[in-house]
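*Asks:* Based on these hints, arrange chain B on the given structure of chain A.
One letter stands for each residue in the lines below.
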Amino acid sequence: MKISNKLPGNLRFLFGFLRGLMIFCAVVFVLSVILSFLLPSQTVAQRPLTSWDTLAEVTLTFEPVSYRLQATKAPAGEVELAKIRGKFLGNSRSADAEIASLSRWHFFLRLVVDLAFLYVLFDLLWRLCRNVEKGEVFSESNTRYVRNLGLMILVYQAVGCAAGFWYARMIEGFLLHRVVAEGVKLKLHWGMEVFPVSLDLIVTGLLLLALSEVFRQGLALKKENELTV
Amino acid sequence: MSLTELAERVDITLANLSILKTNKAKAVRFSTLEALCRELKCQPGDLLEFVDKD
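Just so you know, the sequences run in chain order A and B. By our numbering, the letter at position 86 of the first sequence is numbered 149, and the numbering carries on one by one without gaps. By our numbering, the letter at position 25 of the second sequence is numbered 542, and the numbering carries on one by one without gaps.
Just chain A, with the same shape it has in the complex (with noise of 0.2 Å):
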């Protein structure tokens, strides 16, 4: 008895639709920068007056003299309160140009990278289940597809780091020079969130780029397997 296998060709519609995806993504994007310069600019009274965006997490220290923190039927001092954390809101239709420009490169920095890399990868996956579904699994092709894979995801978490850190250092600077706060100190939180890189991602490249390897010496047996008769 035969046994269909359809699971390749359902996985290259569902990459494909979602590669598709990415490109119209990609295009109302372009589209809404386009329009965003072309079309007439609403008047100060029109326009909404606030977008809050998360720019970044921070911590605050709290000044000793600043509050007062006790727990009920105890003695004063029995409680502290070292510091918390928080996320530090812009206002993106800010007409301060500098908090207006914070809010878009946050933005458009993950916008830009995720979607790059989210069309690579569908591109990659279609590619990969096109062949498969064809019958072609060990292939200098796929072997290619999927060491670019693996390399691909670390490049993106690189790229996610170098971005991440940059547009960390703009908003400690913002935050030391621009922003005055009292009662507490405001200070960047540079924790994993700053790097935006998942330890799950890194893993499942290296894996990937084990597996090419696999692939290609499958390849090699493959072809000497070929011809012996």
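FYI, nobody ran anything at the bench for these hints, they're computed from the structure. Bear in mind the structure is a predicted one, so any value in this text is a computation, not a measurement. Each residue gets a CB set at the ideal place from its N, CA and C atoms; glycine is no exception. A couple of the hints might just be wrong.
[What the hints assert, rightly or not] Below, in silico cross-link-like pairs of lysine-lysine (DSS-like), each with a Cα-Cα straight-line distance of 25 Å or less: (1) A/K285 / B/K543; (2) A/K248 / A/K146; (3) A/K285 / B/K538.
[To be verified] Footprint (simulated), chain A over chain B, 3 or more residues, beta carbon under 8 Å: (4) 532-538; (5) 541-549.
[As the list claims (entries may be wrong)] Computed far set for chain A versus chain B, every beta-carbon distance over 12 Å: (6) A158; (7) H169; (8) L181.
*Replies:* For chain B alone, coordinates are given in the frame of chain A:
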């Protein structure tokens, strides 16, 4: 005996027999060599020859 008949008797495909005939094979199984010698009533030395490629 035709190539088709020989391929059937030796239990390999006509394509593989053609690969053998045109010297494109990289390896031959002992079982195939034995079957060829049996059907063609010859010795392995009659089918194999060493050629120094240098």
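*Asks:* Compare the structure with each hint and give your call.
*Replies:* Quick rundown of the hints versus the structure:
1. A/K285 / B/K543: Measuring from Cα to Cα gives roughly 12 Å; hence the hint holds.
2. A/K248 / A/K146: Answer holds: A/K248 to A/K146 is near 9 Å, not above 25 Å.
3. A/K285 / B/K538: holds (21 Å)
4. 532-538: It holds, with 4 qualifying residues against the three required.
5. 541-549: With 7 residues in contact (Cβ-Cβ under 8 Å with chain A), the coverage given for the stretch 541-549 of chain B holds.
6. A158: holds (75 Å)
7. H169: A/H169 clear of chain B: closest Cβ-Cβ about 58 Å, beyond 12 Å.
8. L181: holds (43 Å)
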